[in-house]
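Chains as they are written, first to last, in the numbering used here: chain A, 1 to 270; chain B, 1 to 176.
The set of hints was computed from the structure by calculation and includes no laboratory data. Check the hints yourself; a few may be wrong.
To be verified - Partial chain A-side listing against chain B, Cβ under 7 angstroms, derived:
no. : residue
1   : ASP61
2   : LEU96
3   : THR135
Positions of the beta carbon are idealized from the N, C-alpha and C atoms, including for glycine.
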Amino acid sequence: MENAPTQDAPRQPGAPTSLHRFANPGRFLRLTDNWLPWLAGAALLVLGSGVVWALLLAPPDWQQGETVRIMFVHVPMAWLAMGGYLGLAILSVMSLIWRHPLADLTARELAPVGAAVTALCLITGSLWGRPMWGTYWVWDARLTSVLVLFFLWLGHVALVRAFDDPERGARMGAILALVGVVNLPIVKFSVDWWNTLHQPASVTRLDAPAMHVDILYPLLWCTLGFSLAFAAVVLAATRAAVMERRVRALQMAAARRADAAPATLRGARA
Amino acid sequence: MTRKRRRLYILMLCAIGLGSATALTLTAFQDNLVFFRSPSDIVAETPPQGRAFRLGGLVEAGSVVRDATYDGRPAITFRVTDGAHAIPVVFNGVLPDLFREGQGVVTQGVMGTDGTFRAREVLARHDETYMPPEVADALKRAGHWQPEAGAPPPPNQWNTLRGNNAPAPTPARTGS
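For reference, chain A alone in the conformation it holds in the complex (with noise of 0.2 angstroms):
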């Protein structure tokens, strides 16, 4: 691998690939070997300050009470949903147009994750919503596209994987989440497009954040701490698949060899 040809070397067809293809893996495994555990210590770092502080110091709410605490999972759940979600767009159109097989991995690894952390918006939204709204669900234009979001990562992860062709699975699952990408700005705006139970935006909105800074900056430190252990999931889930496809492509020569070793011996025999 050390000495494996970039990226975009040409792929005449028939040629042997797999030197190719893994040319840039090799180099994601090696770069990700070293960042990956100051990775994953940031976000254990930032995370558990996080958690003292959102559920500790951090003051009530006026009217929520302690109820409010939720949001600080609820939140960066949402946030990353939407931004993981943006992610397996780009790592898509890498994936459509520049055939990129790391693209590909990558997105196959994100989509589980990505679905986790949808779920996790729409339990916590729901216990939150119980006490406050006084129902655990409705049928208003956030929730439902939220829903909807939930379902294209399901989708995703299904749809990559019903192929016995891996390539042919990711080309799938990149077009259903090209497809699937109209949905964030309908999550994003719903709340300003149509009146919803959902309140609108608090922190992302032109004027001033309607959040005092008490409540905001803890927010915003799990929303650190939370972003760092999503890539640090992520990123980790496709150092395996990288190995686990390299482990699968040195099995396969080898059954080759031993393929093409009998048959040798029987032409010497013959």
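Position chain B against the provided structure of chain A, taking the given hints into account.
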């Protein structure tokens, strides 16, 4: 044209097509996607008798009367307003924690013949403001905000305010 360039153009064409199709669909659905209707909507276009719909707005200040029916169930009457019009609502049931005068609510039910909305369900609507109790108290003490009367002042007046200090809306003080 290389194959990569061609794939890029095809992808961009698809994106434009899909994007405009979605935009057209959403514009067409504009009126059907509302979760609730405001009192002004109801006054402008009364829904047919007996048809359930959602009515949303603010609970008018001073309009909440908590009573009980003869069989002991709670009977709450209040008025839902959007500033221009107000519609009286009656509800027999348990109100959510956030229900108060000045709070946004979404009620589901049918319009009675007497012009009173009979709610089967009352949901409280939280607005986008988050503030510690001390800050809310400070704003109320200083007379900058009466929660019953409506929305809080612009956030840049209070989102760095220290609750235990004498309220000084602008310039906001940070730290202590």
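Can we keep the ASP61(A) interface hint, with Cβ of chain B closer than 7 angstroms?
holds, 5 angstroms
Does the interface hint hold: is THR135(A) within less than 7 angstroms of chain B, judged Cβ to Cβ?
holds, 6 angstroms
Is the interface hint for LEU96(A) satisfied, with its Cβ closer than 7 angstroms to some Cβ of chain B?
Result: holds, 6 angstroms to nearest chain B Cβ.
When held up to the earlier numbered hints, the structure conflicts with none and fits them all.
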